[in-house]
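Between the sequences and the hints, there should be enough to build the whole structure, so can you do that?
Here's the letter readout for the chains.
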Amino acid sequence: MAELGAPGSRLLVVDDNKVNRLLLTRSLELQGHRVATAENGRVALEMMRKDPFDLVLLDMEMPEMDGFQVLEQIFKDPVLRGLPVIVTSSLEGVDSVVRCVELGAEDYLPKPVNPVLLKARIGASLEKKRLQDQLKEMVRRFATPEVAQDLQTSGFALGGKRVYASVMFSDIRGFTPLVESQPPEETIDLLNTYYTLMFDAISSHGGVVNQMIGDGLMAIFGAPLPLPDHEACAVRAALEMIELVGMFNAERAAAGKPEIRIGIGIASGEMVAGYAGTSKRATYTCIGDTVNLAARLETHTKTAGRAILVDGATRAKLPERVAIEALGPVEIKGKANAVDVFSVNLGQSA
Amino acid sequence: MTQATIDQTTFNELKATAGADFVSELVGTFLAEAPAMLADLRSALAAGDADRFRRAAHSLKSNSNTFGALTLGALAKNLELTGIAPAAAAKGATLDSLDAEYARVATALKELARG
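Note that the protein sequences, when read in sequence, are chains A and B.
According to our numbering, the first sequence is numbered sequentially starting from 50.
According to our numbering, the second sequence is numbered sequentially starting from 10.
Fair warning: there could be bad hints in the mix.
[To be verified] Short derived list, chain B residues pointing at chain A, Cβ under 8 angstroms: (1) Thr26; (2) Ala27; (3) Phe31; (4) Ser33; (5) Thr38; (6) His67; (7) Lys70; (8) Ser71; (9) Glu89; (10) Thr91.
[Claimed, not checked] With a straight-line cut-off of 25 angstroms between C-alpha atoms, the simulated PhoX-like cross-links for lysine-lysine are: (11) A/Lys177 with A/Lys99; (12) A/Lys210 with A/Lys384; (13) B/Lys119 with A/Lys67; (14) B/Lys24 with A/Lys168; (15) A/Lys99 with A/Lys178; (16) A/Lys99 with A/Lys67; (17) A/Lys351 with A/Lys306; (18) A/Lys210 with A/Lys366; (19) B/Lys24 with B/Lys119; (20) A/Lys366 with A/Lys384; (21) A/Lys67 with B/Lys86; (22) A/Lys67 with B/Lys24.
No wet-lab data here; the hints were simulated from the structure.
Beta carbons are placed, not taken as given, at the ideal position from N, Cα and C, and that holds for glycine.
What follows is the structure, given as structure tokens:
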């Protein structure tokens, strides 16, 4: 708690009046902050978009672009949105103060600014920002930039929509015996490296990892944001995953550790996508036959002895140069009719 | 009842929190900037520019209060609130008294900044 608003916080003072700028800067520097200044709203926004700030002290009456317009712009900007703004002004009338708060200002300090109040409000705002940053960091780590962005703009609205997308399931073959044969630290270490590699491969092809369960993961291509050629993107990601696991195995072999193998199933089609859960805890997910089919295809890789299996809808959208082998109709649990299954052969690029 | 040109309590508090040397510099900045604000009020009035008039009055009010120039601050606040609209002739007279009060404030602040 002693670290609140501690040195190292970068603040931006926005005021068209030189005396006010100098005085606020002085007060803040005496409190151990690093301070930059802007003399109107337009310059301030340019600075905020260029450098990250922890907090902004904003005057309202300014030429070119006034404080109200700055607040509006910050609120509209998904990157700047979380930035705390304390309005420091000598505005006349309660209406103006209310308007600032409605536009998202964190707090209001009348001028001349009392240094003790200033210190307290800044400490509180920075602490709040720190907690929000932690939350954002968690969202970022467990979701993707697309999902995090979608969450911010939708405000975690629960609900779904129909999308046409590709779903991927992947897991490590024979993982349970591997876990039992090695110390737990090594298992977590293995999973961390494995997930890092898989996330890289999936997100570099536009996919979104939305679930991790043990050694398995689920990824969506084409939602929440539309992705052209999501079928080919998913297959390309799968091929890259296999390639990365191959490299990882070479490292493990050199260290005298057993290889790992993964199986991947991909299916494409219509599904319902959205946030499912409660307003306190929700995950972005997809539901529907296509999703079930992708999961079954992944399971079937064991029986088929193949690394990547896809359904007919995915196969139909792949470029000619991808070597595909038709494995014929396969009985899939939960499906009345046998499903055409295709194996994507390795050692080529999609 | 007459108010002191500069409220001592406000000015001393400012010195205590920001440092005497800094406040001397700040007074210098104010004295350099204020004539432009006063000129701005007159030219905005002449040009009928209500926004510029309000902003200039607002800045002058804000700075006056910072140094404890409460009378000057009150005059400026009155201009900010009434704006440009009421009779221009009356406004001219108000601006004259504003200039006179500023002259007193400038003298007093120079004195205080030296002390």
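Out of the numbered hints, which ones does the structure contradict?
-> When the structure is compared with the hints, numbers 4, 10 turn out to be violated.
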